[in-house]
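A.B. asks: The primary structure of each chain is shown beneath.
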Amino acid sequence: KAGVTQTPRYLIKTRGQQVTLSCSPISGHRSVSWYQQTPGQGLQFLFEYFSETQRNKGNFPGRFSGRQFSNSRSEMNVSTLELGDSALYLCASSGGPGDTQYFGPGTRLTVL
Amino acid sequence: EDQVTQSPEALRLQEGESSSLNCSYTVSGLRGLFWYRQDPGKGPEFLFTLYSAGEEKEKERLKATLTKKESFLHITAPKPEDSATYLCAVPLSSSASKIIFGSGTRLSIRP
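First to last, the protein sequences are chains R and B.
When we follow this note's numbering, the leftmost residue of the first sequence carries the number 1, and every step to the right adds one.
When we follow this note's numbering, the leftmost residue of the second sequence carries the number 113, and every step to the right adds one.
Just to be clear, a hint being listed does not mean it is correct.
[Said to hold, decoys possible] Computed, partial: chain R to chain B, Cβ under 10 Å:
| hint | residue |
| --- | --- |
| 1 | F45 |
| 2 | K57 |
| 3 | C91 |
| 4 | Y102 |
| 5 | G106 |
| 6 | T110 |
If you are wondering where the hints come from, they were derived from the structure by calculation, not from laboratory data.
None of these values were measured; they are calculated from a predicted model.
All C-beta atoms in this analysis are idealised placements derived from N, C-alpha and C, irrespective of residue type, glycine included.
Given these sequences and hints, build the entire structure.
C.D. replies: Right, here's the structure in full:
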């Protein structure tokens, strides 16, 4: 079974730009969660989608948004990028709430 | 408040020197505790899920145990390739779909 895939793997943007990251979950998984990982803050929960509905959101500003499509693929968008948005963005999929989450390789975003 | 705390922050061992990593949690109605391994610049790799106190799971040199307040990841006769950051995580008591992670233990095994 193919694992979670994320594209792109690396991204360099400048302040003020926007970015869209993509995540394809494991086949059959309907829940997709997004996390931001930085050296100082560790792994922080961004949001979780299940059957195209956002069910949970972490403590991030409204510049961070996401969506999920009918095939369970998910995208997250960050608008008006700031230097502090530089991080590894991780996507994880699971069969349902509270189930074991399996992570993708991440997208390394650098904001200059 | 739901919380996950891992200790120590970093651990350096000699190859073959066994030790344990700790994950303490304050979550009411635990719905599972997850252990992951993460190599630098990569996504976390799933290791174990534990559901109830007294449960134990093993994989190669790793064994995870669970009590009502904490979990231990025991590493027996580690090898340099076991060097990584080990993370534990639990679903929130208020929402199973929101997972909170500990800050991790950076494990380094010297040959």
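A.B. asks: With reference to the structure, classify each hint as holding or not holding.
C.D. replies: Hint-by-hint comparison with the structure:
no.	hint	in the structure
1	F45	6 Å, holds
2	K57	9 Å, holds
3	C91	8 Å, holds
4	Y102	6 Å, holds
5	G106	5 Å, holds
6	T110	13 Å, violated
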